[in-house]
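Protein chains in written order, with our numbering: chain A, 500 to 885; chain B, 500 to 885.
Be a bit skeptical, because a hint or two may be false.
It does not matter which identical chain is used: a pair holds within one copy or between any two.
List time: in silico SDA-like cross-link candidates among lysine to any residue, alpha-carbon distance up to 20 Å [claimed, not checked]:
#1 Lys861 <-> Phe776
#2 Lys527 <-> Cys667
#3 Lys654 <-> Glu574
#4 Lys515 <-> Arg761
#5 Lys861 <-> Asn658
#6 Lys730 <-> Asp834
#7 Lys515 <-> Ala706
Calculated directly from the structure, the hints in this document are not laboratory data.
A quick note: this is a predicted structure, and the numbers were derived from the prediction, not measured.
2 protein chains.
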Amino acid sequence: MQKFTFYNPTRIYFGKNAIDNLATELGKFGNNILLAYGGGSIIKGGLYDIVKAICGRCGKTVYEVSGIMPNPRTEKVYEGIEICKKHDVDLILAVGGGSVIDCVKAMAAGAKTDKDFWQTFYRNKEKCEAATPIGVILTLPATGSEMNSGSVVTKWDENLKTDYTDDCLYPHFSILDPTYTYTLPANQIIYGAVDTLAHAFEQYFSAPDDDNPSDYLAEAVILNVISNVEKALACPTDYEARSNLMWDSTMALNRVIGCGKRQDWNSHMIEHALSGFYDIPHGAGLAIVFPNWMRYVRHLCLGRFVRFAERIWGVNPKGKTDDEIALEGIQAVQDYFRSIGAPTTLTEVGIPAERIEEIAAKVELTEGGYQPLTQKDVVEILKAAV
Amino acid sequence: MQKFTFYNPTRIYFGKNAIDNLATELGKFGNNILLAYGGGSIIKGGLYDIVKAICGRCGKTVYEVSGIMPNPRTEKVYEGIEICKKHDVDLILAVGGGSVIDCVKAMAAGAKTDKDFWQTFYRNKEKCEAATPIGVILTLPATGSEMNSGSVVTKWDENLKTDYTDDCLYPHFSILDPTYTYTLPANQIIYGAVDTLAHAFEQYFSAPDDDNPSDYLAEAVILNVISNVEKALACPTDYEARSNLMWDSTMALNRVIGCGKRQDWNSHMIEHALSGFYDIPHGAGLAIVFPNWMRYVRHLCLGRFVRFAERIWGVNPKGKTDDEIALEGIQAVQDYFRSIGAPTTLTEVGIPAERIEEIAAKVELTEGGYQPLTQKDVVEILKAAV
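Work the whole structure out from these sequences, hints included.
Right under this line is the structure:
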């Protein structure tokens with residue numbers, strides 16, 4: 500197990516009525532709250548009223564920033580930063596999924612500096628010295644942002660979707676009530692599950708391939724997701740299935756399963772370019788990219804793909820070459836994505852083959868993988884995904 | 500997945516030369532350090548000199564409390580508390596294994612109150628309002644104390660070994676360098692591994708038995724321990740094996756695998772009574788108690804024991820009743836403990852059958868299990884262990 504640092508101070512309240520802990524948490528912060536949310540589903544579902552009532556009982560002054568979109572954009576971040584500065588906001592309370600939380604992290608970082616948040620943090624990756632505290636009420640299990648320090652924001656006029664990570668950006672607390680997911684549309688459950696699996700894959704398919712606890716833990720998360728998606732889709736009020744998917748999504752990206760792993764993340768980078776151009780759901784893009792990335796890189800780590808095929812998909816190795824076993828496991832991933840209703844080709848989401856070169860040019864490749872990829876590799880991976 | 504709260508702010512530095520991070524951490528605290536350690540193995544091994552040198556370079560004043568024994572006792576805690584109060588200690592630096600860390604947690608809690616630490620916290624379980632900050636340099640993987648808020652201390656004149664847990668007691672940082680374990684005697688590796696497995700068992704064998712991520716994660720830790728103990732014993736400088744066991748021991752009790760589980764802990768309570776009387780190594784006591792506890796309670800959760808037998812020990816269920824499968828799995832645990840050199844009977848550690856009733860009377864039973872145990876049950880479990 501290789502060198503690593505682990506730190507994650509987010510306090511999690513999980514389960515039915517976890518919101519009962521909100522008042523205690525609010526008591527730890529000052530008077531001014533910025534309530535941040537998305538398109539209004541929390542108003543329809545009643546959560547907005549509940550949160551406002553609790554804030555009211557705690558004597559808080561609540562400001563609001565709403566309409567945070569999927570693939571949250573810089574404009575919305577600037578809007579939040581302005582409110583934070585104008586009203587001396589003491590806590591930003593994100594109510595929503597990964598887009599709301601990611602957007603709020605950018606606001607939190609930007610609120611405590613006079614510099615431009617996008618250029619300073621997301622582009623130049625400067626250290627964030629201070630941030631407005633963040634609290635989360637999660638409504639959509641997918642990104643893990645509720646228990647990590649990362650954030651992805653899109654600058655739409657440049658088709659740039661960029662990430663930033665800093666210890667300052669861990670939420671102070673996150674409230675995870677699986678019953679809030681009962682009313683989600685099926686495709687959000689599907690994309691959330693794909694995102695969770697993709698996070699596990701990025702960490703699992705990377706050096707070192709030694710015997711290490713993190714890979715066993717990643718397999719545990721992957722297996723638990725697979726055993727729950729269909730149940731969660733069949734019955735939206737299946738608490739067991741919904742709660743499992745919610746905690747799996749957190750565990751997949753709270754850094755536990757990445758300890759001691761270099762981590763790849765190039766499939767995410769490719770997906771960021773896709774949704775930076777086409778604004779497709781992140782989970783949809785990942786379902787398209789991942790199996791094709793796997794086929795493309797499998798020769799760099801065949802043993803790992805064989806282990807994956809056998810342990811996760813129960814592939815019987817008898818009479819097969821390692822490459823045949825690996826390919827059968829990869830095919831199982833793609834078949835699985837298709838079976839739960841995720842797209843697996845660019846054509847399905849309306850991305851034409853002609854734009855592949857242009858998209859590939861925008862991919863900000865990382866170096867954590869078995870072998871660095873080039874833009875040419877990305878073109879090949881995307882061509883296979885048409 | 501049932502309701503839970505998760506919080507764990509300890510910062511982990513893992514890997515070769517993780518001590519390089521000590522100076523940065525020391526910089527976060529005041530000038531007065533209490534260096535706490537055990538019987539002097541850190542002096543022989545050279546770690547003492549290294550730590551003192553780093554403290555010196557950071558301009559710290561170092562006080563010392565040494566000779567902390569396995570199953571640490573109240574007397575030693577009072578000694579540390581006195582130093583903390585007299586010298587306004589800003590950070591207690593524990594260099595050692597679980598006994599040193601547990602002892603230091605009791606000092607940290609006691610240093611910030613005029614009340615008696617034993618009566619107030621360990622007996623009456625009052626909330627700890629403040630504690631002296633703790634840092635850890637781990638030399639023995641076993642208890643997980645380096646990344647949790649729990650502590651067990653023994654009042655020897657009453658044969659009472661009692662635990663206490665409070666959020667104040669999480670170490671601020673823990674330095675985990677697997678190479679520090681290269682010089683450990685084999686039996687400490689063995690008992691450490693048993694302790695790690697026992698921690699996973701306490702959480703895994705408890706309600707609810709629903710499908711939940713925690714059980715998958717517990718299995719991951721258990722499997723990784725089993726795949727590494729023999730390698731670690733065969734070659735003390737096998738970094739991969741030693742590093743896996745070190746992180747497994749932390750993961751087994753940093754609360755991750757217990758999320759949403761009621762947790763049993765009665766086998767630990769029985770063991771605490773054994774070592775409260777006989778001062779045997781904690782891991783030795785657990786190896787004796789656990790398989791017998793398993794046989795005794797298996798009918799309360801046969802499905803769980805079947806899953807355990809199949810997934811962990813590869814028991815082939817064909818043509819067997821559930822009880823036969825469960826028993827085969829439990830036998831595998833006991834055989835495994837014996838194979839790595841742990842005792843599996845009371846006789847082996849010199850505890851006579853005649854004292855069972857007296858020991859059982861001291862067991863402080865918990866109620867997290869499938870069904871509460873009585874002192875009579877404990878007598879039966881211990882009788883089976885003769």
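| Within, between, both or neither, where Lys861 and Asn658 count as close if Cα-Cα is 20 Å or less | Answer is within: at 8 Å inside a copy they meet the 20 Å cutoff, but 68 Å across does not.
| message | As a check of your reading, is Lys654 near Glu574 (CA-CA no more than 20 Å) within one copy, between copies, both or neither? | response | within (8 Å within a copy, 62 Å between copies)
| Given identical chains, is Lys527 near Cys667, meaning Cα to Cα at most 20 Å, within a copy, between copies, both, or neither? | Classified as both; 17 Å inside a copy, 16 Å across copies.
| Between Lys730 and Asp834, at a C-alpha cutoff of 20 Å, which is it: within one copy, between copies, both, or neither? | This pair counts as within: shortest intra-copy Cα distance 17 Å, inter-copy 38 Å.
| Within, between, both or neither: Lys861, Phe776 at alpha-carbon 20 Å | Intra 9 Å, inter 68 Å, cutoff 20 Å: intra-copy only.
| request: Give the relationship of Lys515 and Arg761 under a CA distance limit of 20 Å: within one copy only, between copies only, both, or neither. | output: Close across copies (16 Å), not inside one copy (36 Å); limit 20 Å.
| message | I want to check one pair: Lys515 and Ala706. Are their C-alpha atoms no more than 20 Å apart within a copy, between two copies, both, or neither? | response | between (39 Å within a copy, 17 Å between copies)
Violated hints for the displayed structure: none, as all numbered hints are satisfied.
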